[in-house]
Amino acid sequence: EAGVVQSPRYKIIEKKQPVAFWCNPISGHNTLYWYRQNLGQGPELLIRYENEEAVDDSQLPKDRFSAERLKGVDSTLKIQPAELGDSAVYLCASSFEQGGLNEQFFGPGTRLTVL
Amino acid sequence: AQSVTQLDSHVSVSEGTPVLLRCNYSSSYSPSLFWYVQHPNKGLQLLLKYTSAATLVKGINGFEAEFKTSETSFHLTKPSAHMSDAAEYFCVVSGKKGGGADGLTFGKGTHLIIQP
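Protein sequences, first through last, are from chains A and B. In this text, residue positions in the first sequence follow my numbering: the first is 458, and each later residue adds one. In this text, residue positions in the second sequence follow my numbering: the first is 2, and each later residue adds one.
For the record, the hints were derived by calculation from the structure and aren't laboratory data. One thing to keep in mind: the hints can contain errors.
Claimed, not checked - Below, simulated DSS-like cross-link-like pairs (lysine-lysine); rule was C-alpha separation at most 27 Å, straight line:
{"#": "1", "chain 1": "B", "residue 1": "Lys-59", "chain 2": "A", "residue 2": "Lys-535"}
{"#": "2", "chain 1": "B", "residue 1": "Lys-43", "chain 2": "A", "residue 2": "Lys-468"}
{"#": "3", "chain 1": "B", "residue 1": "Lys-50", "chain 2": "A", "residue 2": "Lys-535"}
{"#": "4", "chain 1": "A", "residue 1": "Lys-468", "chain 2": "A", "residue 2": "Lys-535"}
{"#": "5", "chain 1": "B", "residue 1": "Lys-69", "chain 2": "B", "residue 2": "Lys-59"}
Stated by the list, open to error - Distance ranges between label pairs, derived from CB positions:
{"#": "6", "chain 1": "B", "residue 1": "Thr-18", "chain 2": "A", "residue 2": "Glu-507", "range": "43 to 49 Å"}
{"#": "7", "chain 1": "B", "residue 1": "Met-84", "chain 2": "A", "residue 2": "Thr-570", "range": "28 to 34 Å"}
{"#": "8", "chain 1": "A", "residue 1": "Val-512", "chain 2": "B", "residue 2": "Pro-41", "range": "30 to 36 Å"}
{"#": "9", "chain 1": "B", "residue 1": "Glu-65", "chain 2": "A", "residue 2": "Gly-542", "range": "34 to 40 Å"}
{"#": "10", "chain 1": "A", "residue 1": "Glu-507", "chain 2": "B", "residue 2": "Ser-4", "range": "21 to 27 Å"}
{"#": "11", "chain 1": "A", "residue 1": "Gln-537", "chain 2": "B", "residue 2": "Thr-78", "range": "44 to 50 Å"}
{"#": "12", "chain 1": "B", "residue 1": "Lys-59", "chain 2": "A", "residue 2": "Lys-472", "range": "45 to 51 Å"}
{"#": "13", "chain 1": "B", "residue 1": "Ser-31", "chain 2": "A", "residue 2": "Val-512", "range": "19 to 25 Å"}
{"#": "14", "chain 1": "B", "residue 1": "Lys-43", "chain 2": "A", "residue 2": "Phe-553", "range": "19 to 25 Å"}
{"#": "15", "chain 1": "B", "residue 1": "Thr-18", "chain 2": "A", "residue 2": "Leu-527", "range": "48 to 54 Å"}
{"#": "16", "chain 1": "B", "residue 1": "Gly-63", "chain 2": "A", "residue 2": "Glu-540", "range": "31 to 37 Å"}
{"#": "17", "chain 1": "A", "residue 1": "Ser-484", "chain 2": "B", "residue 2": "Thr-78", "range": "33 to 39 Å"}
{"#": "18", "chain 1": "A", "residue 1": "Gly-542", "chain 2": "B", "residue 2": "Glu-16", "range": "45 to 51 Å"}
What the hints assert, rightly or not - Footprint (simulated), chain B over chain A, 3 or more residues, beta carbon under 8 Å:
{"#": "19", "stretch": "500-506"}
{"#": "20", "stretch": "563-572"}
Small disclaimer: the values here were computed from a predicted structure and weren't measured. Where is the CB? At the ideal position from N, CA and C, for every residue including glycine.
Just need the whole structure built from these sequences, with the hints factored in.
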């Protein structure tokens, strides 16, 4: 079974440039998460989708970050414009939720460096 | 609100000796607790989870953890360390507000070093 796929794996951009990350969750998983992991820290939740609906985006900096999951499968996270402090690893995870708390499966992440 | 505190940023043990990674939690709800491992340049992998069943939870690769309400702790242990255990370990809590999915709250991580 294929795991969570993310691309690109690495991205280097200059500040004020836009950037986008893509995530393909495990087939059949209805819930998708985006996390940000700063160097030396644990991941922090940015946004959670149940199917195509964003049910928790309270930690997403909405002035420059946006996300979408139009058909309830793939998702894209965008930053525009990027700032130096956005340098981090962006992780995507997915799970199949049936009212209980089921395991989240994580992708390898996209490492963003903003110069 | 919920949070976890990993008491050690780094732990170093010799191969073949026991491992203890400490974690305390705080939650307004009956929590679910997890331990995840992250090897360099690899995705996070679930080691084990506690979801209000048995308080002693067994996971993969010989790891286990015990949920102690009185101490609000969920320490991770392994009887005998292996070189392949060297990685970053995260203690994680998720609140269940009447059930349903929730984002995970991660600790800052403990870097486990295995000495040959």
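Against the structure, the hints:
1. Between Lys-59(B) and Lys-535(A) the CA atoms are separated by roughly 39 Å; this puts the pair beyond 27 Å, and the hint is violated.
2. Among the hinted pairs, Lys-43(B) with Lys-468(A) is consistent with the structure: their alpha-carbon atoms are about 17 Å apart, no more than 27 Å.
3. Restraint check: the Cα-Cα separation between Lys-50(B) and Lys-535(A) comes to about 32 Å, which exceeds 27 Å; the hinted pair is violated.
4. For the suggested pair Lys-468(A) and Lys-535(A), the alpha carbons sit about 13 Å apart, so the restraint of at most 27 Å is met.
5. Note on Lys-69(B) and Lys-59(B): the hinted pairing holds, with a Cα-Cα distance of about 15 Å set against a maximum of 27 Å.
6. Roughly 44 Å separates the CB atoms of Thr-18(B) and Glu-507(A), a value that falls within the hinted 43 to 49 Å.
7. In this structure, Met-84(B) and Thr-570(A) meet the distance hint of 28 to 34 Å, their C-beta atoms being roughly 31 Å apart.
8. Checked against the hint of 30 to 36 Å, the pair Val-512(A) and Pro-41(B) passes, with Cβ atoms roughly 33 Å apart.
9. Between Glu-65(B) and Gly-542(A) the Cβ separation comes to about 38 Å, which falls inside the hinted range of 34 to 40 Å.
10. Range check, Glu-507(A) to Ser-4(B): about 24 Å between beta-carbon atoms, so the 21 to 27 Å window is met.
11. Under the hint 44 to 50 Å, the C-beta atoms of Gln-537(A) and Thr-78(B), about 46 Å apart, fit the expected range.
12. For Lys-59(B) paired with Lys-472(A), a C-beta distance near 47 Å keeps the hint of 45 to 51 Å intact.
13. About 21 Å separates the C-beta atoms of Ser-31(B) and Val-512(A), a value consistent with the hinted range of 19 to 25 Å.
14. Taking the beta carbon of each, Lys-43(B) and Phe-553(A) are about 22 Å apart, inside 19 to 25 Å as hinted.
15. Judged by the Cβ atoms, the range 48 to 54 Å given for Thr-18(B) and Leu-527(A) holds: they are separated by roughly 52 Å.
16. Take Gly-63(B) and Glu-540(A): their Cβ atoms lie about 43 Å apart, and the range 31 to 37 Å is violated.
17. A C-beta distance of roughly 35 Å is found between Ser-484(A) and Thr-78(B), which places it inside the suggested range of 33 to 39 Å.
18. At about 39 Å, the CB distance of Gly-542(A) to Glu-16(B) disagrees with the hint of 45 to 51 Å.
19. Counting residues of the stretch 500-506 of chain A whose beta-carbon sits less than 8 Å from any beta-carbon of chain B gives 4, enough to reach three: the coverage restraint holds.
20. With 4 residues carrying a beta carbon less than 8 Å from a beta carbon of chain B, the stretch 563-572 of chain A meets the three-residue requirement, and the given coverage holds.
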